[in-house]
Structures are given as C-alpha cells and as structure tokens.
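Residue numbers (the numbering used here), protein chains in the order written: chain A, 1 to 304; chain C, 305 to 696.
Calculated Cβ distances over 12 angstroms to all of chain A for the following chain C residues:
# : residue
1 : Ala-384
2 : Arg-392
3 : Leu-459
4 : Asp-582
5 : Asp-628
6 : Lys-667
7 : Asn-684
8 : Ala-688
Pairwise CB distance ranges (calculated):
#  : chain 1 : residue 1 : chain 2 : residue 2 : range
9  : A       : Leu-73    : C       : Pro-647   : 50 to 60 angstroms
10 : A       : Val-271   : C       : Ser-396   : 48 to 58 angstroms
11 : C       : Val-495   : A       : Val-130   : 26 to 36 angstroms
12 : C       : Val-433   : A       : Leu-99    : 27 to 37 angstroms
13 : C       : Glu-493   : A       : Leu-73    : 52 to 62 angstroms
Just so you know, these hints were derived from the structure itself, not from any lab.
Note that beta-carbon positions come from the ideal geometry of N, C-alpha and C, so glycine has one too.
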Amino acid sequence: MILFIEQLLNGLQYGAFLFLLASGLTLVFGIMGVINLTHGTFYMIGAYCGALTVALTGSFFMGLLAAMAGAGLYGLLVESAVVRWLYNRDHLYQVLATLGLILFTNEAVTLIVGRAPIFMNIPDFLSGSVTLFPGLAYPLMRLALIVVGLAVALFLWLLVNHTRFGMLVRAGADDRQMVDALGVNMRWLYMSVFGLGAVLCGLAGVMAAPLLAVEIAMGERILITTFVVIVIGGVGSIRGALVGAMLVGMVDSLGRAYVPQILTALLPYSVADTLAAGLVSASIYVLMAFVLLVRPYGLFPARS
Amino acid sequence: MELKGKAMRVGLLATALGTTMVAHAAAEALRIGFITTLSTPAGYIGEDIRDAFTLAIGEDGRLGNTPVVLEVEDDGLKPANAKQSADRLVQSGVKLFTGVNFSNVLAAVQPTVMKSGGFYVSVNPGPSVFAGAKCNPNYFVASYQNDAFHEAAGLAANKLGYEKVVILAPNYQAGRDALNGFKRTYEGEVVEEIYTKLNQTDFSVELARIRSAAPDAIYQFHPGGAGINFAKQYDNAGLKESVPMLVPAFSLDAQMVKATGDAAEGVYASALWTTEFDNDASRDFVKRFEEAYGRTPTMYAEQAYDTANLIAAALDAVDGDIEDADAFRAELAKADFKPIRDPFTFGPNQHPIQNYYLTRFEKNADGEIVQTVVERIAENHQDAYAKDCKMD
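Sequences and hints are given; from them, build the entire structure.
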C-alpha cells in the first residue's frame, strides 16, 4: 500500500514536470499554430543557465532566475529571428527551421560549455527526504517539483481565465483573424506567449537539473513525450495540458511499476518478460491512441 | 598498401580537412582510418579516444618508428555514416582501421574492412557476434569483450558477499547482454530484474521498487546521461547508504563522475583500469594526458593508448610495411608491447586475456572523487566466446 502511494507520488511528480513543458508548447501550437521543436532546447538552455549560475554564485534562487531569464530571452530571440517569419508558412517549414535551431543550439552550447555533462547540486534546503507518514519518506526535491507544477497550473489558470491577456489568448485560440481585425497587436501577443512558454521551460530545466544530467540534447529526449501530452490533452488548452500531463505521468509511472509484476503473475516468465518491457515502453502511446479513438481532438480541445 | 603523405604535425591530424590535402602533399606515411563518434552527447568519449591515440603518436608524427597519418572521421553515432566513411577510406587505399566507439557502429564498419582485406583493431567495443564463430584473422580487440565487465561484476558481487541483488538495465540488446553477463558469474539470488526504457531520464519508480525489494545491493548498467541520472537520483532517494550500488566502469567514467559529484562516492565498479592504477606506465600516461589536454583521461583514453602502442610494436616489427599481411598479423597477435594494463595477451579469437578489478569511488586527500582499486577479481580472464572461434 505504501509502495502504491509512493508510486502515485512519482506519477504526480512526473506529471508536474511534463506540465511545465507542455503548457507552453500547447499555447504556442494552439494559439500561434506553430510547431516548435526548439521547445525542448529552451528546457536545455534553462538547465545550463541554472547549473552554471549555481556553480558561480552558489545560490539556487539566482540559478532559478538565471534559468528563467536565459530560456525566456533565448525564446524571444528565436521568435523574433526565425519563427516570426514562418507564421503563415506551412508546418513543414516550421519543423525544418526549428529542427535546424535544435542542431544550431546544441553545437553552440558544445562550443561554449563543452560536451561533457555539467554538475548541479541539490540546494541544501531541498536535499534529503521528508517522512510523509510512517514508512514513507519522499525526496524533498521531488516534492518541490510537484509544488512548483501545481503553482504554475494555478498561475496559468488565473492568467488565462481572469486577465485581459488571458482573454486575448483565448480569443486568439478561437479565431486568430478576428482578434487581429479588432486591432489587437498580434505580434506582441505572439511574442509574449512564446516567451512565456520558454520561461516555463527554463523553470522545468532548473528544477530538473539537480536530479538529471545537464547535457547536450537533453531536451530532445523529453520533446516527444511533451507532444504526446498536448495531443492527449487537446491542442491549445492549458486544462488539457494539465490533465494530459497527469495522465501520461501516472500511466507511465504505474505502468513501469506494476505491468511487469502483473504480467509475470499471469503469463509464463519468458513471454511476460518481453511483453512487459514492450508494453511499458509503449504505454503512453497506447494511451494516446485510445484517447484519440474516443476523442479525435484530444480531451479538451481549445478549438473544435 | 599505398604509402603517401609524410609525417605531419599532430595538430593537423585531428582535422579531417587537413588529411586529404596532406595525403597528396608528400610521401611515405602510413594512413590509419580512424572512424569514431565526435558529435552527439557521447562525443566526449570519441575525443578521449582520438586524443589518447594522438598522444601515443607523439610530436614527431610517428607511431613507434613509422610515420603515420590519422584519417579521423566523425560517425555521429550513426552506423550508416560510419559505413560510408569506411567505404571511402577503403577505396582510397587505407588498410588499417581503428577508433570506433560503439558496438552498433562497429557492426557496420568491421565487415567492410574485413571484405577489403584490411585490418581492424578495436579500441573499445568487443561485441559477441565477432568474438565467437564469426571471428576473423584480421580483426583484433585490444579493449575487452563486451560481456567481460558484467561477468567481472558478478564475481565482485560474490566476493563482496551480496546474497540477493536487484539488477537493472535499459531494454535493448546491450542492456540484456549486460544482465546476462552478470548472471553468468553471480552465485546469489537475483530478486528482481528490472528493464528500464531506453533514454529514460527519471528513475523514481524503479528506485521505489528497489526499496521495497530491500536487496543486499544493486547492479545497474546505464551508460551516458542515463547513468548520471541514475546515480544522482539513487543518492537523492537516500538509497546509497542502505543499498550499495555496483556498476560496470562505463556506467560511471571519469567525465560522468564530474557531473554526479558526491553521488558517486561509495559506488563500486568493475574495471580494467583507473587513473589510480599502481604502475609507472599508468602514472606516466595520466600525467602526459593531463598535461596535453588539461583533463582527466577516461578508461576509453587508456584503451586507445594501449591500442596505439600495440599497433606501434607490430609496425616496428615489420618496419612499417603492412603489405605483407601475414607478417603484420602475426606481429599483432604476439601483442609484444608495453601495456598499461599488464598483463595483456590475446586469446585464440584475438580478444584480450587480462585482469579485471573491483574499484570504488572514494575521495582522495584533495577531496576529489577518484576510482580506487580495491582488489583484483579476475586474473587472466578470457571471454566465453573464444572456444567457438575457429581461425582458418
């Protein structure tokens, strides 16, 4: 039972992490109609800026600021230098350009920082574990990730539903041309959304960096999963991104935890072993296929 | 063998651009095809291999007494790229190859070189496919057979008195080979065998399973970034104190330890060589490498250095002429060189027979984490495939 609760927490934690990445991606994809593969790169930039700043200053909060600022600024640079010119082009152009940016950024970071992964310590106040109840101690760093994920979800909910900016974002998701025709500065809106997404990536990067290898191409590894999340949740919807991230986090974690045990109990070992390994790897894609069968536009599509 | 290009400066060797120009510029240097992985996150391994090999060549551009030119090609960890490079080099008359860092890349390069009648000497991977029935007289492995680290780790677990262990590896061929290699020599009970997803970054679920299984120790094989992630998260989950971790050396090399920090302290590893090796050749190599490149050499660097010296000794014995393939082959097989990893001999399948060690990551007097040699766990260890190899 305690193990099950721990695995639920692990799922929650993974979901919170995915949400930080997916929320920005879903806004950019849903509102601006841009397929942005560099999204994972912003996450890498955030992790690098955070780790380097912490190494330099010794302060986790400075690292946090540097990560969000670094990723945000790079996001704005990418938007104004490349993505802005491709809004009206076909998705293929956007994919090509942003894929090129991934390669460019990876090489640039290699030249500046080097190819070997860099180190980031867990800040003192987040190291160690807390005993949630007898028998269950959970690492503080992972709990912090859950808290940050939920705080960002709350912040985005307030932002999107209760501010003028959020109203424009929602309107933009519904009907881009009409919002533009009403005299709203779409260029400014797009830049803000793109920048916000990048800042959230930076936040995810610096929160993950103490537990992960900060290395080149770390963003590409998580990018596909992030796309799965927004496809499940429905493109353009923050609520969808949250539900999708939690679903993917839970299915992936609980799948890894229990599918092998359940299958070995039911089937002969040699069959169960390979089947379980395959199922675990494919679990989130099976989930996606199932969701798309029932709801072809995802769970909470912003536009129908 | 065409003999083109005179001894060139070491600095130029590294640039792929320079190589073709120089080849036409002068005469008489032996060209060595050096296909390795220099880009991608794993590129630091290729850099170490290339740099250590270059270090063995020295300032005068001679490997032993033979002037050589390294034709360095980056394969980008893509077997298809490597195959193209190998084809091109074979067509331009290169007869001696080395440098490949990954088993899957070697699987593409080795047959091309063998078909052309050239030689391949491996600096790192020793996949089982080429170690047994499909061994080849022109194919030498100067590093290790892939299973060896895992077999040595199984022996180490026996010696450390672990009675029940949990073993983990990514779900792909090398991961399954790793765990099978471990089980081949381990005598205790494997309470759980966990296959992780390839490229998995978060291991919280597996860590919870380990905690609930409460084993005496774990054995895990996760190379590259995944290995760093695993070590950091294992420490963060507080498991490192209660359940010792045993890994093969490439799950935690010198560069990776820099990224894991204190999380590596106390981890056991099976190894062929570490910077703390207690012999003059090793100390000399570490010193020269650090002076030349300003970083600690990894095990890959040491393997490349031994490989270079093996080739150098064979070249010296045939006066740099590898046209007479039989003579060169016989000299390579003798392995009559001064290895850092002493003793070093070849088995019938031309894979090394050598010692393996149990090592532990500990802080030295300067507070740096180094890989201390605990004890020798396998003496003159030979791989399990040698008996299937029939050279004709």
